[in-house]
Amino acid sequence: MAKHHVTTTINGDPTEFLCETRQTLLDCLRDELELTGSKEGCASGDCGACSVMLDGRLVCACLVLGVEADGANIETIEGVAQGEQLHPIQRHFLEEAALQCGVCTPGFIVAAKALLEKNPDPTETEARYWLAGNLCRCTGYDKIIRAVMNAAAEMRGA
Amino acid sequence: MGNEENQLRIIDYSGREFRHIGTRPVRPDGVDKVTGRANFGADFTVNGMIFGRVVRSPHAHARIKKINIDKALAVPGVKAVVTGQDFPQIDPADKAVGEVVVSYYDLSRNVIARDKVLYDGHAVAAVAATSAAIAERAAALVEVEYEVLKPVMSVADALKKNAPLLHKDLFTSGVEPKPEKPSNVAARTEFRLGDPAAAFADAEVIVEREFSTQTVHQGYIEPHACVASVANDGYVSIWCSSQGQFMVRSFTAKFCGIEESKVKVIPAEIGGGFGGKTVIYLEPLAVMLARKAGRAVKMTMTRDEVLRATGPTSGGIARAKVGARKDGTLVSGELELHYEAGAFAGSPVALGCMTGFAPYHMENVSCVGWDVVVNRPKAAAYRAPGAPVAAFAVESVLDELAQQLGMDPIELRLKNAAREGTQAPYGVKFNRIGYAETLEAAKNHPHYQIPLGPNQGRGVASGFWFNIGGSSSAEVMVNPDGTVIVVTGNPDIGGSRASMALMAAEVFGIDVAHIKPIIADTESVPFSMLTGGSRVTFATGKAVIEAAQDAVNDMKRRAAKMWDVDLAQVDWENGRAVCIESDQHKPLSMADIAAKADKTGGAISGKANINAKGAGPGFGTHICDVEVDPETGRVTVLRYTAIQDVGKAIHPSYVEGQLQGGAVQGIGWALNEEYVYDAEGRLQNTGFLDYRMPVASDLPMIDTVLVEVPNEGHPYGVRGVGETPIVPPLGAVANAVSRAIGKRVADLPLSPPRLLSIIDGK
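Chains A and B, in that order, are what the protein sequence lines are.
Per our numbering, the very first residue in the first sequence carries number -4; after that it's consecutive.
Per our numbering, the very first residue in the second sequence carries number 5; after that it's consecutive.
Treat the hints with caution; some may be incorrect.
[What the hints assert, rightly or not] No more than 35 Å apart at the CA atoms, straight line, and that leaves these computed lysine-lysine pairs for DSBU-like:
(1) B/75 / B/185
(2) A/-2 / B/296
(3) A/-2 / B/75
(4) B/617 / B/590
(5) B/154 / B/164
Calculated from the structure, these hints are not laboratory results.
None of the values given here were measured: they were computed from a predicted structure.
Excised from the complex, chain A in its bound form:
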């Protein structure tokens, strides 16, 4: 069967790719566009390692088909830093040692950024529930939550 031609915007850049109907957005990002920052941990929407923004909405790229990206605006971990300028969430992840192996980190950063765009002043409980869709097996979440709360405070100018 012929592949689909998808025209989309990824991290601000107009992007085109070909994909099979069955391919997920995650497959397309990783295998067709070499954007391997989004990770596959489960392919069932349970671990959040592939978190991306689709038209301003936080989604698991493994639960979206590549063809659904047509005409959409996609933001991935690769677009979070501006050149050498890290996003405050990225900086706080480093400063609070909020990663050990680091494979869940891109998903957490994308999800945390979505949280703070929606709710700049979350309580710890709100942050924990927002990030409940992202699994981390190394850290026990303590330092991740601290990094997100500290980034939120910095971004609010507090």
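With chain A's structure known, arrange chain B on it following the hints.
Just chain B now, with coordinates in the frame of chain A:
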């Protein structure tokens, strides 16, 4: 307490102040890992590569009668199919003894089944095709004819008279006389101290209980993945994530019948392992497919495959008995463990026996372990393998003993704590250890003073892990600008680059930002044992310290040459060579020395290849507060504090992280995680939705206390820290729940339905 308290504060037994050790710089590989640039196992591609897919058994126990690959091979795009017949036979006597005994014969049959499949998900064939989709389609066309056998799913099943046998040649080792008939019991092990049976007669209080736990998985977020390429001259390259590139090299070479020297393994970043990546699954399949196809082959597992066919660690039954005097003095202890090894012999039951009573000073102890094979995936190492289940049993009966004696559970442990000179049941006499200090810290922690509300309970439990040393290598290279590259052979699983850089910075006396640690492939650094056993910061760290010292010595010689003075006249201070007793010569920085390297003997480097001895054991004590909803059986963890003797924290943030992460894995083990099989032995919960690991909203902050009693076997006092933190939580959580509901819980996990039935007395 005066003297002892002073001793507690000794941070550096060599009496030297640290400048870099103990600080918290940003990790050297950090930016790549927060921007998505870091390459993990599945992120690697090779030009022209094709895609492999494993054909897995749908049966828990069956004889393979016939495999027909014709239909799969006929699919356009399919380039190769392999089955067990394509792999060489391994000598059954070929074994390696490490943290657990590794039988290469068994492991090779775990990688791909030969005559029998032994668990749901056991690999029987593999297919490589030009796309992942074609490989998946073709895999479904591999026809395997099975004679389905009755599965053996539990210790009870396995021990039954006339139970089906997994292996007709398995005779229980460690029993006299040698059994005449094969069975599902692979081994009996025993550790004994004194005369426990007689000593129980002296006990004024005895507590005995049987406990059970279920199979749990390491749960690393990154599924196994690799790319293998075989050149026309037979040389093999493998890119993969693992806990040891040298382990992957030797195992793959052996299982494929290739000389080890013809295999090169290039380590990717590893997305979690916890012991589960100390063995291999995909690499030999990828190599044999690549060889047949003449193309590089990439293989990645799905989460379903990870849960069905890798890891896990043993579920089992643990019977613990303790006897004490009324003042709390322990007089005797017994532990009997039955661990499920999975499909092949080799559960960590011996390690459970060795660790269960290790935190306690006892004259009379008996620990007996039984290694039982069942039709579940072959157990792999999981963080302090074998210890958490044994500790769960021992720490639970101690808690019950404390309740019966009306004693504080920390006081009971303090009264019996192992100290320097204590003879452990497994044979060693402890050197200076910090177990009692963790108990003192727990007793004095604000957490321990907080009043509890209704339906709430507080649990305390301790744990022990050996920690290991072993062979490690390091090379340090001084760049022309005076900065340093530190090369080691151990995958960085949780921030070890940061600790390597800090230890090198301490030796050189330069800013850690000027040190770049890298992890080399198997042809660019001498052999190092894998990342496991909590050994890297201890053993590889020791190699880095010695290699850096070697480079410092070299730079002192260069400075002596540059100044034309005796070597004895050169000292090293804060990253600079200084001339003793002469102010004619201005100190030389590393950049000054490196800039003139070609005039003083060429490039500057240092190296150390060591077999590190003197690993210091780790002890931890955890406090857990829970609230139980009596209507639903749901347990909420309210507060959690993990306290551990860490020797010396090189990068305290990552040490805290080990304590927090281990504690939470243990909380998951205690509360929700378990393998659920149907009557035919098929795994029912093959995804993260229902293999329920803890998420952020399940947990509070995890408080930590780093007690630092230096290990004299390491120049900076380091003890391994990674594994100990998963030993206490099962007991800590269970003790908290038991106290909250007023009934002793003995079966994990304490998932809502199970706990509700205990509360309701069913």
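Run through the hints listed earlier and report the numbers of any the structure violates, in increasing order.
Structure breaks hints 1, 4.
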